[in-house]
Amino acid sequence: MIVELIGRMQLPASLRTRFIARWALSSFCLALISMQSFSDEAAYFHDISGTSGVNFSLNGSPTSHKYLLETMVGGVAVFDYDGDGRMDLFFVNGARLSDPMPAGQVPDKSEPQYWNRLYRNAGGGKFEDVTASAGVAGHSFGMGVAVGDYDNDGLPDLYVTNYGRNILFHNDGQGRFSDITAKARVEAGGWSTGAAFVDVDNDGRLDLFVSRYLKWDFRDIWCGARSPNRRAYCHPDQFEPISHLLYRNLGNGAFENISDRAGIAAKPGKGLGVAIHDFDQDGRIDIVVANDSFPQQLFHNLGNARFEEIGLASGVAYDDDGKLFAGMGIDFDDYDNDRWPDIFINALGNQRYALFQNVRKIFEYASGPTGIGQASLLHSGWGTHFFDYDNDGWKDLFVAQGHVMDNVELTQPNLHYLERLLLMRNTGGKFADVSGKAGPGFQIPVAARGAVVVDLDNDGGIDLVVSCLNHNALVLRNTNASGNHWLTVRTIGSRSNRDGIGARVTVTTGTGRMLNGLVSSAGSYLSARDPRVHFGLGKNDKITKLDIVWPSGQLQTVENVTVDRILAITEPNVQPR
607 MIVELIGRMQ LPASLRTRFI ARWALSSFCL ALISMQSFSD EAAYFHDISG
657 TSGVNFSLNG SPTSHKYLLE TMVGGVAVFD YDGDGRMDLF FVNGARLSDP
707 MPAGQVPDKS EPQYWNRLYR NAGGGKFEDV TASAGVAGHS FGMGVAVGDY
757 DNDGLPDLYV TNYGRNILFH NDGQGRFSDI TAKARVEAGG WSTGAAFVDV
807 DNDGRLDLFV SRYLKWDFRD IWCGARSPNR RAYCHPDQFE PISHLLYRNL
857 GNGAFENISD RAGIAAKPGK GLGVAIHDFD QDGRIDIVVA NDSFPQQLFH
907 NLGNARFEEI GLASGVAYDD DGKLFAGMGI DFDDYDNDRW PDIFINALGN
957 QRYALFQNVR KIFEYASGPT GIGQASLLHS GWGTHFFDYD NDGWKDLFVA
1007 QGHVMDNVEL TQPNLHYLER LLLMRNTGGK FADVSGKAGP GFQIPVAARG
1057 AVVVDLDNDG GIDLVVSCLN HNALVLRNTN ASGNHWLTVR TIGSRSNRDG
1107 IGARVTVTTG TGRMLNGLVS SAGSYLSARD PRVHFGLGKN DKITKLDIVW
1157 PSGQLQTVEN VTVDRILAIT EPNVQPR
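Numbering follows the numbering used here, in which position 502 of the sequence shown is assigned residue number 1108; successive positions increment by one, without gaps.
Careful: at least some of the hints might be erroneous.
Said to hold, decoys possible - Okay, derived cross-link-like pairs now, DSS-like style, lysine-lysine, Cα gap no bigger than 30 Å in a straight line: (1) Lys1151 <-> Lys967; (2) Lys789 <-> Lys873; (3) Lys821 <-> Lys873; (4) Lys873 <-> Lys967; (5) Lys967 <-> Lys929; (6) Lys1036 <-> Lys929; (7) Lys1145 <-> Lys1043; (8) Lys873 <-> Lys929.
Claimed, not checked - Simulated DEER-style distance windows between Cβ atoms: (9) Lys1145 <-> Asp944: 15 to 23 Å; (10) Gly1042 <-> Asp866: 48 to 56 Å; (11) Gly857 <-> Gly889: 17 to 25 Å; (12) Thr1176 <-> Gly859: 21 to 29 Å; (13) Asp866 <-> Ala831: 36 to 44 Å; (14) Gln780 <-> Ala1038: 43 to 51 Å; (15) Ser704 <-> Asn1064: 43 to 51 Å; (16) Lys1043 <-> Ser704: 44 to 52 Å; (17) Arg782 <-> Asn1064: 22 to 30 Å; (18) Gly729 <-> Gly760: 19 to 27 Å; (19) Gly1035 <-> Cys829: 39 to 47 Å.
In short, the hints are calculated from the structure, not lab data. A virtual CB, placed ideally from N, CA and C, is assigned to each residue, including glycine.
Start from the sequences, fold in the hints, and give me the full structure.
Listed below in structure tokens is the structure:
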């Protein structure tokens, strides 16, 4: 096109030739710069989506009625379902919606295009779809997923949240799952979203927390302008909040709904993402819920499966202006290496993502001084994680982005429905946007939703998997060539739950540096992360001491640990004195 335009200009032939030559040289130089920006050495992640065999795309069944369900799907889970040492991928999908949807009708995913999908990790960056043989296609309109070995048999199980009846898939071994929801009594109901397996009473059995979004039905509510292409998904303010649920594991294959006596039901919300940690280091795991345009909630574990909601008292309910924001994705981890876990909750455009720094049991809003506020002002976040992509010993921040509204540009031209992924490097307690150097996968505008961090090839580089609406899922392999050392710890409980969920792991390097993490599969947006605890060690090639405080209360210490490997540690089966 440029050559054609120059040719039409009334210029001498020699001058036209000179213009074309200079344009060609400039284009060549720009191409070199672009290629150099994403060379194997410079790019942090390599996009293997097209060759991986993961051909999943979130289907929200868009309708002319703009049902809110359509845009809120769906979670991703990583877990080693077949015990071969490689992490597999599970995607939650929506279901068919009629247009309009009859009141009282529950959507179903009987057609394969709406199934949940399970992909077996075959190694070498390749995955195979085993959904049908595994029996996990599901039913109803899928939302989120939690992973945990609820019966301590050494096989990870799946809990899928839906609008409608939730599903507990028991891992039977040999690559098969059974729907045991009715027997386990964890159907829930209404609109369930996030979920987390967590041992709330430290009895060695994983209990189940379920967040719910709002009291939804398929009434025909018109939101937005009554003009072509201006109808909008209704704001959560149009609906009443709903109580979250807590199921206690009875140890006989069944759960008991203890939401009322635990103090959970008394504090309804508009919950999406769920994360866990021991925020006050009292030995009991606490639960934080990201609420959409509703005060954020922190459920403080008082012991004996009793909770007190302290979001306002602890400083995490609102932003620094005392305003509500659209909490969606969440993580609960120690970003500043002071051994106190912090909370990150993302939001919609024009609101800023919220980073709450844990200052000895009280949280301070830290988005401004850390650089997160300015970088996120015009963006909308979903799946998110703290993780150390370059293994330098500082947890970086990843956010999968995209707006709720597919027509948001019509009403707010400064915002975008499709957005690029965000990667912010932790530079010692402050964050810098390095997305432009992260690779081609970070340059693709998508409507991202659930996301997980996971070491898919067990090489010590943490990879990324992102579920997208009407776009193929992104599988991004970490190719960072920093040369830094690392260690990944896999916990196996004996007196504690088999997964070791809730165990606090601390490593001390040869230089005296201390790093910490919690065993958990919860967090992000409706997703289940890699439960193995990963440590980037920088140039430290030796760990002098590794400490684990198990949920049972037992302290286990391992000395002189070799680095650059995955280390499995089993809890000693020692009875307390």
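Right, here's what the structure says about each hint:
no.	hint	in the structure
1	Lys1151 <-> Lys967	26 Å, holds
2	Lys789 <-> Lys873	28 Å, holds
3	Lys821 <-> Lys873	14 Å, holds
4	Lys873 <-> Lys967	21 Å, holds
5	Lys967 <-> Lys929	22 Å, holds
6	Lys1036 <-> Lys929	24 Å, holds
7	Lys1145 <-> Lys1043	22 Å, holds
8	Lys873 <-> Lys929	19 Å, holds
9	Lys1145 <-> Asp944: 15 to 23 Å	22 Å, holds
10	Gly1042 <-> Asp866: 48 to 56 Å	50 Å, holds
11	Gly857 <-> Gly889: 17 to 25 Å	21 Å, holds
12	Thr1176 <-> Gly859: 21 to 29 Å	25 Å, holds
13	Asp866 <-> Ala831: 36 to 44 Å	43 Å, holds
14	Gln780 <-> Ala1038: 43 to 51 Å	47 Å, holds
15	Ser704 <-> Asn1064: 43 to 51 Å	45 Å, holds
16	Lys1043 <-> Ser704: 44 to 52 Å	46 Å, holds
17	Arg782 <-> Asn1064: 22 to 30 Å	25 Å, holds
18	Gly729 <-> Gly760: 19 to 27 Å	22 Å, holds
19	Gly1035 <-> Cys829: 39 to 47 Å	41 Å, holds
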